[in-house]
Amino acid sequence: MDQEQTVTGKSIFRIDGPPKVRGEAKYAAEYKVPDLLHAYVVTASIAKGRILSIDLSAARQFPGVVEILSHKNRPWFWPVSFLYKDAAGPPGKPFMPLYDDRVHFSGQPVALVIAESYEAARDAAALVGVTYKAEPHATDLARSPAFIPRKHRIGVAPVPHPTGDADRAFASAPVKIEAAYTTSPENHHPMELFATTVEWGDNIVTVYDKTQSPKSVELFLKVAFRLIGRKVRVVSSYVGGGFGLGLRPQQSVFLAVMAAKSLKRSVRLVLPRDHMFALGYRANTVQTVSLAADEKGRLQAIRHKAIAATSQFEDAQDPILLFSASLYRCDNVKLNYELAKLDTVSPCDMRAPGAATGMFALESAMDELAYALGADPLALRLTNYTERDQSENRPFSSKALRECYAQGSERFGWDKRSHAPRSMREDKELIGWGMATGAWEAAMSPAPARAEVRLRSDGKFEVTSSITDIGTGTYTILSQIAADELETPIERIVVRLGDSALPFNPIQGGSWTAATSGAAVQSACRKLKAKITSQAKKAGVLDRRPGTELLSASALADLLKLRRGGELSATGTMFSPPFGKRFSSATHAAVFAEVRVDEELSVVRVTRIVCAVAAGRILNPTTARSQIIGATVMGIGKALHEDTAYDHNLGRCMAHSFGDYHIPSNADVYDIDVVFVDETDTQVSPLGVKGVGEIGVVAVAPAIANAIFHATGQRMRDLPITIDRLARARSRAS
Amino acid sequence: MKRFTYVRAVSIDQAIESLSVHPDAKLLAGGTNLVDLMKYDVATPTTIIDINDLPLREISETADGGLRIGALVTNSDVAVHPSVARHYPLLASAILAGASAQLRNAATVAGNLMQRTRCSYFYDVLTPCNKRAPGSGCPARPGLNRNHAILGASELCVATHPSDMCVALAAIGATIIVQGPNGLRAIPLADFHRLPGDAPEKDTTLFGNEVILGIELPPVLEHHRYSYLKIRDRLSYAFAIVSAAVWLTIDDEAAISTAQIALGGVAHKPWRNTAAEALLIGRPASRVNFEQFASMLLSGAVALSENDFKIDLARRTVVRALEQAASRTPQSQSDKRIH
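Here the protein sequences come in this chain order: A and B.
Mind the numbering: the first sequence is residues 1 to 734 in full-length UniProt numbering, read in order.
Mind the numbering: the second sequence is residues 1 to 339 in full-length UniProt numbering, read in order.
Everything labelled a hint here was simulated from the structure, so no lab data went into it.
There could be a bad hint or two in this list.
[Said to hold, decoys possible] Pairs of lysine-lysine, DSS-like flavour, derived with a Cα cap of 27 angstroms:
{"hint": "1", "chain 1": "A", "residue 1": "133", "chain 2": "A", "residue 2": "72"}
{"hint": "2", "chain 1": "A", "residue 1": "32", "chain 2": "B", "residue 2": "39"}
{"hint": "3", "chain 1": "B", "residue 1": "39", "chain 2": "A", "residue 2": "416"}
{"hint": "4", "chain 1": "A", "residue 1": "460", "chain 2": "A", "residue 2": "133"}
{"hint": "5", "chain 1": "A", "residue 1": "133", "chain 2": "A", "residue 2": "176"}
{"hint": "6", "chain 1": "A", "residue 1": "26", "chain 2": "A", "residue 2": "176"}
{"hint": "7", "chain 1": "A", "residue 1": "538", "chain 2": "A", "residue 2": "581"}
{"hint": "8", "chain 1": "A", "residue 1": "460", "chain 2": "A", "residue 2": "341"}
{"hint": "9", "chain 1": "A", "residue 1": "428", "chain 2": "B", "residue 2": "336"}
{"hint": "10", "chain 1": "A", "residue 1": "26", "chain 2": "B", "residue 2": "39"}
{"hint": "11", "chain 1": "A", "residue 1": "341", "chain 2": "A", "residue 2": "26"}
{"hint": "12", "chain 1": "A", "residue 1": "538", "chain 2": "A", "residue 2": "416"}
[Stated by the list, open to error] Okay, the calculated beta carbon distance ranges per label pair:
{"hint": "13", "chain 1": "B", "residue 1": "142", "chain 2": "A", "residue 2": "385", "range": "32 to 40 angstroms"}
{"hint": "14", "chain 1": "A", "residue 1": "420", "chain 2": "B", "residue 2": "85", "range": "17 to 25 angstroms"}
{"hint": "15", "chain 1": "A", "residue 1": "670", "chain 2": "B", "residue 2": "185", "range": "57 to 65 angstroms"}
{"hint": "16", "chain 1": "A", "residue 1": "136", "chain 2": "B", "residue 2": "185", "range": "16 to 24 angstroms"}
{"hint": "17", "chain 1": "A", "residue 1": "50", "chain 2": "B", "residue 2": "306", "range": "48 to 56 angstroms"}
{"hint": "18", "chain 1": "B", "residue 1": "306", "chain 2": "A", "residue 2": "136", "range": "55 to 63 angstroms"}
{"hint": "19", "chain 1": "A", "residue 1": "667", "chain 2": "B", "residue 2": "85", "range": "15 to 23 angstroms"}
{"hint": "20", "chain 1": "B", "residue 1": "282", "chain 2": "A", "residue 2": "420", "range": "39 to 47 angstroms"}
{"hint": "21", "chain 1": "B", "residue 1": "101", "chain 2": "A", "residue 2": "670", "range": "50 to 58 angstroms"}
[Unchecked claim] The following residues of chain B were derived to be distant from chain A, with all beta-carbon distances above 10 angstroms:
{"hint": "22", "residue": "11"}
{"hint": "23", "residue": "24"}
{"hint": "24", "residue": "41"}
{"hint": "25", "residue": "59"}
{"hint": "26", "residue": "139"}
{"hint": "27", "residue": "142"}
{"hint": "28", "residue": "143"}
{"hint": "29", "residue": "154"}
{"hint": "30", "residue": "179"}
{"hint": "31", "residue": "198"}
{"hint": "32", "residue": "238"}
{"hint": "33", "residue": "251"}
{"hint": "34", "residue": "252"}
{"hint": "35", "residue": "288"}
{"hint": "36", "residue": "317"}
Note that the structure is predicted; figures quoted are calculated from it, not measured.
We put the beta carbon where it would ideally sit given N, CA and C, even for glycine.
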């Protein structure tokens, strides 16, 4: 099939769009199950202490209530925490809901009401009276002692060792800056609430769950609830946004299965929006960055220290410093990564985990250094451009960041920028242009991924894989890959995903799904194609003109007839790449932002963003662009809005809804221009794909912060940049 | 949500009687705030009296040349009504600055008057709150108070009134028409909402058995100038950190002849200072005079631990809104650029 006819690389509208619009795409809470019970969580009001008593008298009387579980009457489960480890879990003891009388964080589940209806469960839950013995708590990162984590989280690269002598180089360099940055905790709020529907059967337990990994939820449940011997099937056909919270089995699935097992009944648990604040968050940080350069702007020293929040029971770790040693050329680098324990739930991965937080500080500091040097911020990046990953001392499999800078700056009109802060103005608004570099790992999954493809008797090819589609377009790109490999119109490809009964795939995270699961599909299709070709030749039904599809529908039907209705299938497996050590692989981006600031009133508008991305081969420009646009909006939220407000006196998160946890509204989002630069990479993955899930968010917040500096002359080092912070910065300056 | 009895009122008299019989009943109109509060167990009425069948959906002219707006007219219908848009554009503008199109389509005039603070402690039944649970304490005062009151707060409560519409009504000088067992009563908007004092659980001066029939706007003010300027944490769908409603006339000699200015987001009620307004009368519509007025309007402001910035921001917002009004370039609610 020639290039003209391939569908990979083309803008195919997502094939799951119509079923979603028609309401046919079912989410975890939407499955109809007979004799279903509903559960609702009672949450802790204190941050730390013990449960003294639980008064269930009123709640038990409530019409429709079937059972109320707490640590006192929950079913037995393994008392050893290592059995609750999951694929994305950090070192420590995973939180086990209703385990004992200890309260580890405000909002922790302390009881579960199960009733005949959602309303009955919810309303009875309000009648459960819990008394506590509170103990002193700590939720304020700034006041909590930091430590170096003893155990590294698997899957997160350890912080690189120091190179050269950063302290000495910093001391002797002619131009230098040092600054402290902070980022606020951010909570996950995908549109779909976390929900689980458990269909309890004697032999099979079907769990419809919102997750980014049906397989790891299945394994987790089998171990945690001793369901070995019973068949457990976890279904997550459609996921209304993942972003990292669904990488670990969540409280909702644990509690719902506990209730179902206890009652031997089918149970549904849907967490309301306010309970979602107790599920995991992007760790807040305190960071210090020191940069030094010679007069020509060549970096002489990079020091980056980050202290990130974690819980008392796990050492959650994210690669905050992932790119601090590798993004720019510098011989003297010193990085420090520490944690501080808080009485909160464990932080968790959130789109570009770590990097989005660390790069805010690093890229803000680069802008500060540019101004200390009197250099253009983009020129400074180019001065320090590196073709090698010096932290690992190896080349990149590909790196088209230079093209991102070139095409992004041209689209944006960066050359028309006047360097001085406060030098651009229109009417009552100061205008600022800022930029930042983004990077994210281009990895393949460390665990193998499998896929099966089957020629069905109706002449269609069915591709199956347990991988989920978290709204990114996985159904669509896998269809495209299969169509091309099988030389078949995409209409004849059927894709089934998100079911642990289907071929094994690891968690859907790390931007590796397209590369990894896509390669497994590619491999399966190639095997099937070989089978079909040889059998068709034997049967004499291979009638092929160049440029036509592999086999016409009628030829396939003939083939299947000859096989007496038997189906043809093949399985493909993608093992993690053998060349991993020889190359470093990353996606890159250059983000250019325009802000307009009404200085008198401290109101910011982000009026224009250009995001140029190098991510290897783009399988589908439409779905890829949508990912970058969504990530950019998330970046605007990180820059200006998102902040999980904690009352440190109460040790309690006081954000409960979208009313007090702000994400950007439509009015906050103006023009977003996405450019994919050409990047050919034959090393990174069999498909040449790097993945676009995370890269879009990384550079947005620093680009906006740098633009605000350019507009106002105020360096905003604390996220989010809210009106009060801008107003205080202005009054300090005047 | 606590279980409740549902009553559908077929007449105003029946609604009043139901309220008298069930002292903890709540009237249901659009439900955009009440139902939320019930879901969170903040409001726990045992009886809900649905008043949506009452004949209170009219907008009509009054004998003195003003406008009467029925209690059940939706916020959207008020904002687009030709008489409101023409003669009271300040009111239309303030309404369009608030909530979202979907909420405005459901929310009513009376519901907007009666909506409760969005203080996050008030909404969280697992925390103390003097407004929700009198005597339990106020964690906002030593805690998260970035968007709380700077004017008129008490030791017991630092909450703000969240409405945009009411800020415009305060500036225009609207009157609330209510009916109770003893007949009709007209309450000037300035007296309708109250300061928290030692009874923060009471938001208004409405008696428990009174029903709001509607609001009356004063006679049309010829050649008025106006602006509603709302400063918030994002450009749409957020409650005001500070808002200013300006209702102004300027005479032929370029002197201010009417000055009615209300602030939102700063107190337990829309905030006006008529003494400061009086000092503007007869003076030129200049920035110096606006700044002087703004300082006087904010003279009693007291900051909590996190909201000191609001005092200065409120001053600046008032000045800008006055400038916008004076120059006949009121703030647009669709173009988010502030001019």
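TODO: State, for the Cβ atoms of residue 142/B and residue 385/A, whether the hinted interval 32 to 40 angstroms holds or is violated.
DONE: violated, 51 angstroms
TODO: Take the C-alpha atoms of residue 39/B and residue 416/A, compute the straight-line distance between them, and say whether it is at most 27 angstroms.
DONE: violated, 54 angstroms
- [ ] Sort out whether residue 176/A lies within 27 angstroms of residue 26/A, counting only the CA atoms.
- [x] violated, 55 angstroms
Open item on the list: Check whether the Cα positions of residue 460/A and residue 133/A lie no farther apart than 27 angstroms.
Closed with: violated, 63 angstroms
Task: residue 136/A versus residue 185/B beta-carbon gap, inside 16 to 24 angstroms or not - done: Between residue 136/A and residue 185/B, where Cβ atoms are some 52 angstroms apart, the hint is violated.
- [ ] Kindly confirm whether 39 to 47 angstroms is satisfied by the beta carbon distance between residue 282/B and residue 420/A.
- [x] Roughly 44 angstroms apart at Cβ, these two residues keep to the hinted range, so it holds.
Open item on the list: Over 10 angstroms from every CB of chain A: does residue 252/B meet that, or does the non-interface label fail?
Closed with: The assertion about residue 252/B holds, with a minimum of 29 angstroms to chain A.
Task: Minimum Cβ distance from residue 238/B to chain A greater than 10 angstroms, as the annotation requires - done: Violated: least Cβ distance 6 angstroms, not greater than 10 angstroms.
Open item on the list: Quick check: does the Cβ-Cβ distance between residue 670/A and residue 185/B fall within 57 to 65 angstroms?
Closed with: violated, 49 angstroms
Open item on the list: If I take the minimum Cβ distance from residue 24/B to any residue of chain A, is it greater than 10 angstroms?
Closed with: About 17 angstroms separates residue 24/B from the closest Cβ of chain A, which puts it past 10 angstroms; holds.
Open item on the list: Need the status of pair residue 341/A, residue 26/A: alpha-carbon distance at most 27 angstroms?
Closed with: The given pair, whose Cα atoms are some 39 angstroms apart, is violated under the 27 angstroms limit.
TODO: Evaluate the condition: distance from the CB of residue 41/B to the nearest CB of chain A exceeds 10 angstroms.
DONE: The claim breaks: residue 41/B does not keep its Cβ more than 10 angstroms from every Cβ of chain A (closest is about 5 angstroms).
Taken one by one, the earlier hints fail for this structure at numbers 3, 4, 5, 6, 7, 8, 11, 12, 13, 14, 15, 16, 17, 18, 21, 24, 26, 27, 28, 32, 36, listed in ascending order.
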